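So the protein lines, in turn, are chains A and B.
Going by UniProt numbering, the first residue of the first sequence is number 1, and it counts up by one from there.
Going by UniProt numbering, the first residue of the second sequence is number 1, and it counts up by one from there.
Hints should not be assumed to be uniformly reliable.
Now the stretches of chain A that chain B is said to cover, found in silico as 3 or more residues with beta-carbon under 8 angstroms [claimed, not checked]: (1) 19-30; (2) 45-51; (3) 62-72; (4) 105-112.
Cross-link-like lysine-lysine pairs, in silico, DSS-like; alpha carbons within 30 angstroms at most [said to hold, decoys possible]: (5) A:K105 / A:K38; (6) A:K100 / B:K142; (7) B:K44 / B:K105; (8) B:K100 / A:K105; (9) A:K105 / B:K105; (10) B:K100 / A:K142.
Bear in mind the hints are in silico, worked out from the structure with no lab data behind them.
Owing to the predicted nature of the structure, the values given are computational and were not obtained by experimental measurement.
Quick reminder that beta carbons are idealized off the backbone N, C-alpha and C, glycines included.
There are 2 protein chains.
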Amino acid sequence: MVDILHRVGAIAPLDDFYRAVATPEGLAGWWTTDTVGKSEVGEKLAFRFGDLGGFDMEILELDPAGHVRWRVVEGPPEWIGTEIDWRFEQRDDYTIVLFKHEGWKEPVEFMHHCSTKWGSYLLSLRELVETGRGRPAPHDVKVADFD
Amino acid sequence: MVDILHRVGAIAPLDDFYRAVATPEGLAGWWTTDTVGKSEVGEKLAFRFGDLGGFDMEILELDPAGHVRWRVVEGPPEWIGTEIDWRFEQRDDYTIVLFKHEGWKEPVEFMHHCSTKWGSYLLSLRELVETGRGRPAPHDVKVADFD
Numbered sequence: 001m002v003d004i005l006h007r008v009g010a011i012a013p014l015d016d017f018y019r020a021v022a023t024p025e026g027l028a029g030w031w032t033t034d035t036v037g038k039s040e041v042g043e044k045l046a047f048r049f050g051d052l053g054g055f056d057m058e059i060l061e062l063d064p065a066g067h068v069r070w071r072v073v074e075g076p077p078e079w080i081g082t083e084i085d086w087r088f089e090q091r092d093d094y095t096i097v098l099f100k101h102e103g104w105k106e107p108v109e110f111m112h113h114c115s116t117k118w119g120s121y122l123l124s125l126r127e128l129v130e131t132g133r134g135r136p137a138p139h140d141v142k143v144a145d146f147d
Numbered sequence: 001m002v003d004i005l006h007r008v009g010a011i012a013p014l015d016d017f018y019r020a021v022a023t024p025e026g027l028a029g030w031w032t033t034d035t036v037g038k039s040e041v042g043e044k045l046a047f048r049f050g051d052l053g054g055f056d057m058e059i060l061e062l063d064p065a066g067h068v069r070w071r072v073v074e075g076p077p078e079w080i081g082t083e084i085d086w087r088f089e090q091r092d093d094y095t096i097v098l099f100k101h102e103g104w105k106e107p108v109e110f111m112h113h114c115s116t117k118w119g120s121y122l123l124s125l126r127e128l129v130e131t132g133r134g135r136p137a138p139h140d141v142k143v144a145d146f147d
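If we strip away everything but chain A, and leave its shape as in the complex, we get (with noise of 0.2 angstroms):
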């Protein structure tokens, strides 16, 4: 099993950081504006990226205190399965998140590309938080051929 880690801080309150995480609102800020479902404990979120395909995540945790959990039940076969897990912590002025991708049962080159592509977007999560605006797709920052 081998994981993709990535940590981003910025000086905002949690909520901030947590609202853009635990809402469809916020998720279509930063990550894809295609974005719908209902974020609930149980529920699913579904995030679409145009001819590219999407991912399912069904809701795990949705702690305010800091902690977010999804699980992937659709999406490219190498993702179903795995765990997404956000640790969002106070830290003086700052907050920082602490971001999981777990459960990968080999390092593809997929992986590859999705650990850049999660470290791409986790900025446009900052950027959303610092500056109000994001670059979610389709209006995301492209890292090679097939993004």
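Using the hints, position chain B against chain A.
Just chain B, lined up with the frame of chain A:
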């Protein structure tokens, strides 16, 4: 053992990416302007980031066909002994870069940070190759509180 993985690509000759990683001048264009040393197998390169410190890498492999490998011999304790592996592959018009920073003992918080920061620097590398201008430190994209 846990690894940091990334993948970027651009419509550019493999040799442009290779030179950006295999020569001090190239590295100074996307990672840190303060890069000194000799890029030959068995020799060392020193990368410095002002007050933040830096890293010394021993060059383990330099193959213009598409492979560069370094061992970290000086730097933060978590980095010492880890290895950084670069693969370059030409695929039609694109050159694809597969990056691995391997041999981390534990998935500590600092590793999360380095993963995001590597992703951001690889986009700087991509930008250098595409446009002739990267974002090396001290002009790098900030991701959190300690960069």
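Hint numbers not upheld by this structure, sorted from lowest to highest: Result: hints 1, 2, 3 break, sorted rising.
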